[in-house]
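Dock chain B with the ligands against chain A, hints included.
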Amino acid sequence: MLTLPVSEVDPFSPEVLEDPLPFQRQLREAGPVVHLSSCDAYALGRYEQVHAVLRDWQGFQSAAGVGLSNFRWEKPWRPPSLLLEADPPHHDAPRAVLEKVLGPRALRKLHQAWFADAEGLVDEVLAEREFDAITRLAQAFPLRVFPDAVGIPVEGRENLLPYGDHLFNAFGPHNDLVARGTEGIGALSTWVDAQCARDVLSGNGFGAAIWAAADRGDITGEQAPLVVRSLLSAGVDTTVHGLAAVLYAFATHPDQWQRLRADPALAKVAFDEAVRWESPVQTFFRTATADVEIAGVTVPEGKKVLMFLGAANRDPRRWHDPDVFDLARDPSGHVGFGMGLHQCVGQHVARLEASALLTALAKRVDRIEIAGPAKRHHNNTLRAWESLPLRVRLA
Amino acid sequence: MGDLIDLVVTEKSAVAHGVTALTLRHPEGRRLPDWSPGAHLDLVLPNGMVRQYSLCGDRWDSGSYRVAVLREPSGRGGSAFVHDRLRCGDRMAASAPRNNFRLAPAPSYLFIAGGIGITPLLPMIHQAALLGVGWHLLYGGRNLGSMAFRDELAGHGDRVTVVPQDELGLLDLPAHLPPPGPDTQIYCCGPAPLLEALQRLTAGYPAGQVRTERFVPAAETSAARDEPFEVELRRTGVTVVVTPRQSVLDAINAVGATVLSSCRQGTCGTCETAVIEGRPEHRDSILDDSERAAADCLFPCVSRSGSGRLVLDA
Ligand SMILES: Cc1cc2nc3c(=O)[nH]c(=O)nc-3n(C[C@H](O)[C@H](O)[C@H](O)COP(=O)(O)OP(=O)(O)OC[C@H]3O[C@@H](n4cnc5c(N)ncnc54)[C@H](O)[C@@H]3O)c2cc1C
Ligand code: HEM
Ligand code: FES
Chain A
92 MLTLPVSEVD PFSPEVLEDP LPFQRQLREA GPVVHLSSCD AYALGRYEQV
142 HAVLRDWQGF QSAAGVGLSN FRWEKPWRPP SLLLEADPPH HDAPRAVLEK
192 VLGPRALRKL HQAWFADAEG LVDEVLAERE FDAITRLAQA FPLRVFPDAV
242 GIPVEGRENL LPYGDHLFNA FGPHNDLVAR GTEGIGALST WVDAQCARDV
292 LSGNGFGAAI WAAADRGDIT GEQAPLVVRS LLSAGVDTTV HGLAAVLYAF
342 ATHPDQWQRL RADPALAKVA FDEAVRWESP VQTFFRTATA DVEIAGVTVP
392 EGKKVLMFLG AANRDPRRWH DPDVFDLARD PSGHVGFGMG LHQCVGQHVA
442 RLEASALLTA LAKRVDRIEI AGPAKRHHNN TLRAWESLPL RVRLA
Chain B
660 MGDLIDLVVT EKSAVAHGVT ALTLRHPEGR RLPDWSPGAH LDLVLPNGMV
710 RQYSLCGDRW DSGSYRVAVL REPSGRGGSA FVHDRLRCGD RMAASAPRNN
760 FRLAPAPSYL FIAGGIGITP LLPMIHQAAL LGVGWHLLYG GRNLGSMAFR
810 DELAGHGDRV TVVPQDELGL LDLPAHLPPP GPDTQIYCCG PAPLLEALQR
860 LTAGYPAGQV RTERFVPAAE TSAARDEPFE VELRRTGVTV VVTPRQSVLD
910 AINAVGATVL SSCRQGTCGT CETAVIEGRP EHRDSILDDS ERAAADCLFP
960 CVSRSGSGRL VLDA
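Heads up: the sequence lines are chains A and B, in that order.
Residue numbering for the first sequence follows the numbering used here, beginning at 92 and increasing consecutively.
Residue numbering for the second sequence follows the numbering used here, beginning at 660 and increasing consecutively.
If you are wondering where the hints come from, they were derived from the structure by calculation, not from laboratory data.
One thing to keep in mind: the hints can contain errors.
Said to hold, decoys possible - Computed, partial: chain B to chain A, Cβ under 7 Å: (1) Trp719; (2) Ser721; (3) Arg761; (4) Ala763; (5) Leu919; (6) Ser920; (7) Glu931.
As the list claims (entries may be wrong) - Ranges of calculated distance between the beta carbons of each label pair, as one might list FRET restraints: (8) Asp421(A) to Gly896(B): 32 to 42 Å; (9) Asp421(A) to Glu687(B): 20 to 30 Å; (10) Pro841(B) to Arg169(A): 21 to 31 Å; (11) Ser723(B) to Ala353(A): 35 to 45 Å; (12) Glu313(A) to Pro850(B): 34 to 44 Å; (13) Pro903(B) to Lys466(A): 15 to 25 Å.
If you're wondering where the values come from, they're calculated on a predicted model, not measured in any experiment.
For each residue, glycine too, the CB sits at the ideal point set by N, CA and C.
If we strip away everything but chain A, and leave its shape as in the complex, we get (with noise of 0.2 Å):
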């Protein structure tokens, strides 16, 4: 039996959620599962372990909560989602049917549509030449093009990010962050509960489409509010930090930029090597579903377990120089989105948005600066920006 290390440290602390790199290292070269004091779970930090943890969904499960709360045993603050927080059998329906609403080929009717709609944003923003890139592109984009792709009515919208982010930090420790989201949340759920319904969703978006699927009987009608709820939080928070990540990522690595304005059809890549390079996502628990053991650790049934997705996008074990942000790179393989069942069922839709609004800028910016100070948003889960000022040159 080896000793098991064991970290005093709060990952989900002020100091850590500014910059988490130090003590994801320390948590790498700790061992390949350290004991976490300040929440009881076990943590991985290395690729190969939060790799095979991912995919072992018959050992660790989702359905007890991807968050610290454990819902064997706490209530969970929301009906807890069909798809992250379910496991086989019940999240076999709702998934096959989100795979096809978002799949590949579905996405192919939307690809001119939002392509237009980059450029026509990036045509607005670049009428000056200092502007946020959090607002004005990393919200803005996925804000202009996301829900009236699910179908939402316009108003209210404003509602959709402070919802994600409480969300988001709803699957860390009951900390001051949660506590902040607490009061609005009411209202906010109250909100995002309904737009779920199907005669509040325009008829050919992707919510139109998941009903249809009740309506053929893939799903059941309670189903599917609750599958279209997924969208509606998964969907949004995630893409405006994963665009303002090669955003960010593009402004600190100037000859990047240019390999991509060489090569616009690297836009895919740039955005898969930024999700590993930033992971947007940084965690998600399991629990264990027997006493399972994870490199001669065991791991009581019934105890979280804590997978460090952005520790594992820069394990140097499995990448070479892995803090380095390079479009030669093949980011194949990274776990920015996740592996295995539960992998990101919207991937496809963040890719499409990324390569749009990529392609839009690499078609009219020369050079991209930061041009003062970039502050950060602290989040439980999501590795986030409060504000990115950037400078422009343009083509």
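What follows is chain B with the ligands alone, placed relative to chain A:
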């Protein structure tokens, strides 16, 4: 990695007259790709034939697959090979599991099996039992001895109605069919006359209430592993020969394409690449049959060429 899954036969046993069950594992004991009830594999038999077999084992066991094969005396020899020649220790390859016969959530189920059609229904039955929902199995076959898995079904008591034709005649469908409506979904797999009878009786039922699968023999495909083919990359401006030992993904990325991948099992969709010319041989578990027929894209981590030369938008 990539391409087909390598499998080795670790158990072979007769489970009924004319039906043999195989347990398949990865040669190094690795985890096998996930599947759900109703899924089947395309097995590339050691004699080069490709045949579909429904998975009828336990998905909670990530290390093994089970299939059961009926001897088809008038067939082209795939099932006969499994019965007469295949041994424990033999290797073969398979595509990732595909599912065209998914179990949807419902308050209760009627399962109707004709003969070897029991295979995809068996994991559905386990699942319904696990969920604690209502279900009934109507299971017909030529005679008791030919009907596989009766032992595994025995514990379910009167939820299972076994109807050997030589003693009791054909299945009495009208007596068992639920009324049209959302309460009971019907899943049926079996010979064409059974499926046709069911379709006639349920013609007016709402969409999705009746779901069927037929073991239609696909047109013969080559054991695509053994022939090299050319792939032209239109955008990159390069043509590459893909050997039987490489995936298309690896071959094209090695000569300068930049196709992303993730699962490398044909399940996640990341590596989707548009096809400009040529007929892909699809081995993914993403496209349904109509999408496959469109032949306008492929997933190069697993899929190959069915036409010699492929031209890709990469
Ligand atoms: C999705 C799916 C799941 C399946 N699951 C199972 C399973 O779990 N267990 C199982 O035993 N079998 C299963 N099958 C059938 C299996 O794939 C093989 O078809 C079967 O084993 C017979 O193979 P064979 O080579 O012996 O005969 P085949 O040559 O495939 O012949 C089968 C029958 O079809 C006739 N036939 C042959 N070629 C044609 C043709 N081109 N057009 C019309 N008829 C033709 C033959 O005369 C014979 O009666 C499944 C098939 C499908 C499509
Ligand atoms: C850069 C953007 C994104 C990132 C980094 C991201 C990340 C992730 C990760 C890591 C998971 C796995 C969770 C787990 O294993 O427990 C996941 C699941 C999921 N994502 Fe995303 N995501 C992004 C965009 C999106 C979008 C745009 C949508 C919706 C359109 C979406 C919807 C979902 C859903 C529904 C799940 C649950 C899937 C399941 O459990 O089967 N995501 N995402
Ligand atoms: S990499 Fe997942 S489908 Fe090819």
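Status of the hints after comparison with the structure:
Hint status for Trp719(B): holds, given a least beta-carbon distance of 5 Å to chain A, under 7 Å. Proximity of Ser721(B) to chain A holds as hinted, the smallest CB-CB distance being about 6 Å (cut-off 7 Å). Restraint check, Arg761(B) versus chain A: the minimum CB separation of about 6 Å is within 7 Å; hint holds. The interface hint given for Ala763(B) holds, since its Cβ lies 5 Å from the closest Cβ of chain A, which is under the 7 Å cut-off.
Taking 7 Å as the C-beta cut-off, the interface hint given for Leu919(B) holds, the closest approach to chain A being about 5 Å. Because the closest C-beta pair between Ser920(B) and chain A is about 4 Å apart, less than 7 Å, the hint holds. Using the Cβ-Cβ criterion of 7 Å, the hint placing Glu931(B) at the interface with chain A is satisfied: the shortest such distance is roughly 4 Å. Checking the proposed 32 to 42 Å range against Asp421(A) and Gly896(B) shows it is violated: the Cβ atoms sit about 20 Å from each other.
The beta-carbon spacing between Asp421(A) and Glu687(B), approximately 24 Å, falls within the hinted interval of 20 to 30 Å. At roughly 27 Å, the beta carbons of Pro841(B) and Arg169(A) sit within the given window of 21 to 31 Å. Between Ser723(B) and Ala353(A) the CB atoms are about 49 Å apart, so this pair departs from the stated range of 35 to 45 Å. Against the hinted window of 34 to 44 Å, the Cβ-Cβ separation of Glu313(A) and Pro850(B) comes to about 36 Å, which satisfies the hint.
Checked against the hint of 15 to 25 Å, the C-beta distance between Pro903(B) and Lys466(A) comes to roughly 54 Å, which is inconsistent with it.
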